[in-house]
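Chain U: place on chain D using the hints.
These protein sequences, in sequence, are chains D and U. Just so you know, we're using our numbering here: the first sequence kicks off at 125 and counts up by one. Just so you know, we're using our numbering here: the second sequence kicks off at 834 and counts up by one.
Simulated from the structure, these hints should not be mistaken for laboratory data. Bear in mind that the values here come from a model prediction, so they are computed numbers and not experimental data. Cβ coordinates follow ideal geometry from the N, Cα and C atoms, glycine included. There may be inaccurate statements among the hints.
List of simulated lysine-lysine pairs, DSBU-like, C-alpha gap at most 30 angstroms [unchecked claim]:
id, chain 1, residue 1, chain 2, residue 2
1, D, Lys485, D, Lys551
2, U, Lys866, D, Lys517
3, U, Lys915, D, Lys551
4, D, Lys432, D, Lys485
5, D, Lys135, D, Lys198
6, D, Lys432, D, Lys551
7, U, Lys918, D, Lys517
8, U, Lys882, D, Lys517
9, U, Lys866, D, Lys551
If we take Cβ atoms under 10 angstroms as the criterion, some of the chain D residues that face chain U in the derived model are [what the hints assert, rightly or not]:
id, residue
10, Arg435
11, Gln437
12, Asp511
13, Phe514
14, Phe515
15, Gln560
16, Asn565
17, Gln566
18, Leu569
19, Leu573
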Amino acid sequence: MRLLRENSPFKIGWDLLVCGMALITGLILPLELLKSFGYGHALTPLWFLFSMIGLLDIALTFNTSFERNGIIVKDRRLIARRYFRGWFWLDLLANLPFLVVSGMHVRLPLVTMLPLLRLPQLWRITARWEDLQLLNTAVLRMLRYSASIMLITNWIACLWLWVGLRDFSPHGWIQRLELARNNFFDLYLHSLYWTVTTLATVGYGDITPKTQLEIILAIGMMIVGALLYAFVVGNVVSILNQLDGGRSDYRKRQSAIADFLGHNGVDQDTITRVRRFNDYQWARTRGFQARELFEELPAELRSEVTYKMLRDQVETVPLFSKAPPGLRNRLLMLLQPVTFPPDIMVLPPEAMGDEIVFITKGELEIDTTIALPKEVLCITAGDYVGDLSFFLKEERTCGVRSKTYVDAFVLSRSVFDHLRAHEPRLKEVLLEMARQQSQRNQSLLLAGLVV
Amino acid sequence: MELSVQPASLVDGIEASGLSAPLEASFMIIHVKGELDSNTSAELDDTLKQLLGEGSRRFILELSEMDYVSSVGLRVFLAHLKKLKSDQGRMVLAGLNDEVQEIFDMAGFSSLFEITPDLEAARSVLRS
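In isolation and in its complexed conformation, chain D is listed as follows (with noise of 0.2 angstroms):
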């Protein structure tokens, strides 16, 4: 059998199997030996479905490579030494008993409740898928503690109730109020209702302890209660925050940022110019520089990320999509990419032709007052200009401006240089590409322009 990987697909898809099936025996289980005090003859299918499960379960772990410091470990052996002394052993009391104890017809609470000994792996499953970095943090931390009040309400109702079907004499909570008679599920309905009313502290007082036993479960419910909501409210209100701390912190900086421009003279125009420009940027990066952030990769790696990160831009780009993959990767690392607002000078006139831009989002314009083709003086995402400049080593006789946001690559002439000498095949990339600029640059000097 080929080992799988643990952020396979159908790994994933198990592991989500098997998480729906432990937090389906934790709220059905309990119920269920409340009821009949054994394994109830309704459900024994899905009891039975759900231990094999558990039991391939335990095989398709053996057979699941790990992770471990980064290194990703194949070896049986030591898949199954780990397996061991972790949690085989739990697993196993989970899931075999009940294909033992089923067929004998025995009542034992304690052994029959251990295919509850399922629920950690609730929490292993979402913390590997964690490690794996498969979801969200925030939004893992939030399904656990989702679960978890799910199940501890459940297990409070269902002492409760077993609290209240021990106690028949007529000073028991439902000898009290009268549902002797009603179904069980009724009651345990009228037991969850009491349940959570306590633990949400709201208390209605229609349900109430009396006898010694309900008294101190009361109590006991009541500090559970506190502590238990005091811990959910807490986390759940700091994952909150973490979901929304970084544009949080976003929206303070920019404050400063307007503060600052504001005491130093700055109108409020060109305050709101750089707003909208650091909001373009936030959209995108979500305050992250990736070259800073990936400066410890190595460079093959750093360049990689970068081209699945900005595939979709990098793709419209002949210079990138013509290149094999090593010199992409390198132009990827040694071009700079920049967004330009609206409406700013990208490429200044009169100066000397030292870079070209690449475009991979929005559109530029050349700026001139002579009548020319839409599609000669529209720049726009694939095209690059400041070629015919750059090539002729010669000063702009008009400038490019920029009519939206525009994200773009800008090849300068060091980098050229340092590139020409070492990847004699962007040569050949060049050349390609610039059969498809030869119409616009053709217009463009017949009328006297250098861009």
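Below, chain U without anything else, positioned relative to chain D:
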């Protein structure tokens, strides 16, 4: 910059015989030396205009000794090429040095012009 114009014929040996070829069987070789920049391009422009006015429609621009071409020089080439194409004429550029060739390549103009490595090759192109 220095310019020299030399008439030539598409018919082999006619130049050596001292006879002049009919206009439709002849072409002009223009040797350009030095730098073709904003100051000197006008001279090439005038020369080409004059020759066009005299009815010449085939040109070889021999550029092996041209060290530099500016945007103005390129414009002269492009403008006359455009005119010649509309008049069924031809313009062949011969012997571009590496630097000038790169400008033509990178601006996307290599495919617009007929470019040959030397004068002989340019003659062959026109005779073909």
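Right, here's what the structure says about each hint:
1. Distance check on the hinted pair: lysine 485/D and lysine 551/D sit about 24 angstroms apart at the alpha-carbon level, within 30 angstroms; holds.
2. Using a Cα cut-off of 30 angstroms, the hinted pair lysine 866/U and lysine 517/D holds, with the two alpha carbons roughly 20 angstroms apart.
3. Simply put, lysine 915/U and lysine 551/D have alpha-carbon atoms about 27 angstroms apart, close enough for the 30 angstroms limit, and the pair holds.
4. Our distance criterion of 30 angstroms between C-alpha atoms is met by lysine 432/D and lysine 485/D, whose separation comes to about 16 angstroms.
5. Only pairs whose Cα atoms come within 30 angstroms are accepted, and lysine 135/D paired with lysine 198/D is accepted, the gap being roughly 15 angstroms.
6. The straight-line distance between the Cα atoms of lysine 432/D and lysine 551/D is roughly 25 angstroms, inside the 30 angstroms bound, and the hint therefore holds.
7. With a C-alpha separation of about 29 angstroms, the suggested pair lysine 918/U and lysine 517/D falls inside the 30 angstroms cut-off, and the hint holds.
8. Between lysine 882/U and lysine 517/D the alpha-carbon distance is near 28 angstroms, which keeps this suggested pair within the 30 angstroms criterion.
9. Simply put, lysine 866/U and lysine 551/D have alpha-carbon atoms about 27 angstroms apart, close enough for the 30 angstroms limit, and the pair holds.
10. Because the smallest distance between the Cβ of arginine 435/D and any Cβ of chain U comes to about 27 angstroms, over 10 angstroms, the interface hint for this residue is violated.
11. For the restraint placing glutamine 437/D at the interface with chain U, the shortest Cβ-Cβ distance is roughly 24 angstroms, beyond the 10 angstroms limit, so the hint is violated.
12. Contact between aspartate 511/D and chain U, as hinted, is supported at the beta carbon level, the nearest pair being about 7 angstroms apart and thus within 10 angstroms.
13. Of the supplied interface hints, the one on phenylalanine 514/D holds, with its beta-carbon coming within about 8 angstroms of a beta-carbon of chain U, less than 10 angstroms.
14. Annotation: phenylalanine 515/D was flagged as interfacial toward chain U, and the flag holds, the nearest CB pair being 4 angstroms apart, inside 10 angstroms.
15. Satisfaction of the interface hint for glutamine 560/D is found here, the shortest Cβ-Cβ separation to chain U being roughly 7 angstroms, below the 10 angstroms cut-off.
16. Look at asparagine 565/D: its Cβ gets to within about 5 angstroms of chain U, closer than 10 angstroms, so that hint holds up.
17. Annotation: interface hint on glutamine 566/D holds; nearest CB of chain U at approximately 6 angstroms, less than 10 angstroms.
18. Restraint check, leucine 569/D versus chain U: the minimum CB separation of about 5 angstroms is within 10 angstroms; hint holds.
19. Because the closest C-beta pair between leucine 573/D and chain U is about 9 angstroms apart, less than 10 angstroms, the hint holds.
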